[in-house]
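**Q** These protein sequence lines map, in sequence, to chains A and B. The opening residue of the first sequence carries number 696 in the working numbering; numbering runs sequentially from there. The opening residue of the second sequence carries number 696 in the working numbering; numbering runs sequentially from there.
Just so you know, these hints were derived from the structure itself, not from any lab. Everything numeric in this text was worked out from a predicted model, so none of it was measured. Keep in mind that the hints are not guaranteed to be accurate.
Since the list gives no way to pick one copy over another, a pair counts as held whenever it fits inside one copy or between any two copies.
Said to hold, decoys possible - Once the Cα atoms are required to be at most 25 Å apart in a straight line, the calculated DMTMM-like pairs of lysine to aspartate or glutamate come out as:
{"hint": "1", "residue 1": "796", "residue 2": "994"}
{"hint": "2", "residue 1": "796", "residue 2": "1050"}
{"hint": "3", "residue 1": "979", "residue 2": "1017"}
{"hint": "4", "residue 1": "984", "residue 2": "771"}
{"hint": "5", "residue 1": "915", "residue 2": "902"}
There are 2 protein chains.
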Amino acid sequence: MLNFLQTGRQGFARRGQVQLRRSTVETPVFMPVGTIGAVKTIEPRDLERLDARIILGNTFHLMLRPGLEVVQHHGDLHQFMGWERSILTDSGGFQVFSLAKIRDIDDRGVEFRSPVDGAKIFLGPEESMHVQRVLDSDIAMAFDDCTPYPVSCQEAEKSMLRSMDWARRSKKAFQGSPSALFGIVQGGVYPQLRERSLAHLLEIGFDGYAIGGLSVGEPKDEMYEMLRFIVPKLPADRPRYLMGVGTPQDLVFGVACGVDMFDCVMPTRNARNGWLFTSAGTVKIRNAKYRTDTRALDENCACPCCARFSRAYLRHLYQINEPLYARLATLHNLEFYLGLMKRIRAAIENDTFHEICAEYEVVV
Amino acid sequence: MLNFLQTGRQGFARRGQVQLRRSTVETPVFMPVGTIGAVKTIEPRDLERLDARIILGNTFHLMLRPGLEVVQHHGDLHQFMGWERSILTDSGGFQVFSLAKIRDIDDRGVEFRSPVDGAKIFLGPEESMHVQRVLDSDIAMAFDDCTPYPVSCQEAEKSMLRSMDWARRSKKAFQGSPSALFGIVQGGVYPQLRERSLAHLLEIGFDGYAIGGLSVGEPKDEMYEMLRFIVPKLPADRPRYLMGVGTPQDLVFGVACGVDMFDCVMPTRNARNGWLFTSAGTVKIRNAKYRTDTRALDENCACPCCARFSRAYLRHLYQINEPLYARLATLHNLEFYLGLMKRIRAAIENDTFHEICAEYEVVV
């Protein structure tokens, strides 16, 4: 279950609140990714300080390690990882297709080998819903077939129809849960398929609607084209979630199309790889020009990293593989992403969102 | 310069204050090791929360990376690493002997190859003092020759005499510095050599006296024997520092002999390797018995790790190589070490230190 209040708008951009079991999420929102029970290098109290209200957990990873039994001993995923606010879990579908050695795939689901210990595992809509119910995430995602890119229209249709069948079974298997369930629009880069997918989902009925299968290798123009086309068609009274996207520009573009929710590993993964987001552009901290640069990473940022350390110090920590580097860099990049969303929310309230669009060269 | 106030005692155990340029250190004290400009995984604000007043920096590592020039751009090591309280730097001697490919060693000093880039580097007492002055540590250590173990009495004597010559030159090179300089008693496992070394140092005159060359492979009984013998002979009006030691029991033993200051990588390194100190004994977190253990690591501990996470969660993070594991484990082990020292200080004040000795089976 979930309550969505739209509290403001500017053009297609929406300002709202998603009321969940454990927290109220101000939208548009960016959800940090806590893949295997932790946002890498980050404590829950750091996320609280960042005013994050919802994070992501990955069903596929968590069912492999620590496994459901361990989580159940703690009650649920929240108690296991010491995070009392909301969690959205993906269905496991995406990771099965990208990370596991698939043994067999048919309309029932997917049989694969665990990349951890080689064990044979079966995951279909019923199994995915079971896992997500045990994790007790506040938003569960329907199990879907991952359409590759590039793919023919015929293949994309077949994959989409399978996802729609799985969406129906996901809904059925999730009945009685106090949490929310989102359906996922598929259909690759084919607008008619996307529309048909959405019609299927609306017929089934979900608490929110996600757009999946984008940012999977297609040119950015194609992704933007598809967002322009499909996002305004999603029901206005339900939250809209763009999965696995993206760069700061992508977030601004998505919001401009009417997206409410985003997740992406970009701020956290890029941080670890030395790619830092600042108000003055990207800083690749390994660059020799930062060797003696005593300035803060971002002089307009108040995060624990920028408040105390220089670019030269961060570069030093990066060079010596000091684990503190990844933590400071991640704290900063999350501050940047969550700060951008905060700016966007305020801008929609104040009818100044077009200024942020101009800043990021976003034209919808 | 340094002021030492002895504020209490029980037997040989001393309670005191070391007043340094940047902070007043309550003794007996354990100093966390911040090898290359960071206590691994830990932020300065974490150390402040732990009420750490002084940490260690390693001259050898810092001169290689980031190099003096980078530190100088920030002012000093404190400003570089964002730590305003005190820092003790070692002389680099120990690491030169244990980590570098030595090209040549004579009475002038040591020529070695940088393990980072193969560059030829010379380090003698004058060079070590120069580096420590640039780092502007609050306590510098005299440059010394590292006596191996086992070693003949003759070799140990030769090494000790070289260290004493280097101590004299260190004192001279350090003249005019506002910081404190400690001399290091050497002489291996030979009591007469240790006594002669101390006599040399006293003649030169230092702000504090350290015991070096222990915990280098000798049986623990021999180390304890030597501490019983030499610590009470160190001047009572100066701080006494036992270098690179040790286990919680070693700390209690050292204090019982009259030691004021300790450092060791044990709490931080062991944390990363899954070895956790608790009030109920050691926890090796990788052990399968912790897989579903929902209890806090140490139910008598209020650290950020024990306040929020279970043993099973820590074990999970350890198993998946999540960097957050090392941070939480290090926070806990430092809490344990610094908490033990706090207990020891209170016990000496209350004449109950013998109870801690009994708890750790320490007999001096």
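**Q** Take the hints in turn and mark each one as holding or not.
**A** Right, here's what the structure says about each hint:
Proximity of residue 796 and residue 994 under a CA criterion of 25 Å is satisfied in neither setting, with 46 Å inside one chain copy and 42 Å between copies. Taking identical chains as interchangeable, the C-alpha atoms of residue 796 and residue 1050 are never at most 25 Å apart, the minima being 46 Å within one chain and 59 Å between chains. Proximity of residue 979 and residue 1017 under a CA criterion of 25 Å is satisfied in both settings, with 17 Å inside one chain copy and 23 Å between copies. Taking the shortest alpha-carbon separations for residue 984 and residue 771, only the inter-copy value of 20 Å comes in at or below 25 Å, while the best intra-copy value is 47 Å.
For the identical chains of this complex, residue 915 and residue 902 are neighbours neither inside a copy (28 Å) nor across copies (66 Å), given an alpha-carbon limit of 25 Å.
Checked against the numbered hints listed earlier, the structure breaks hints 1, 2, 5; every other hint is satisfied.
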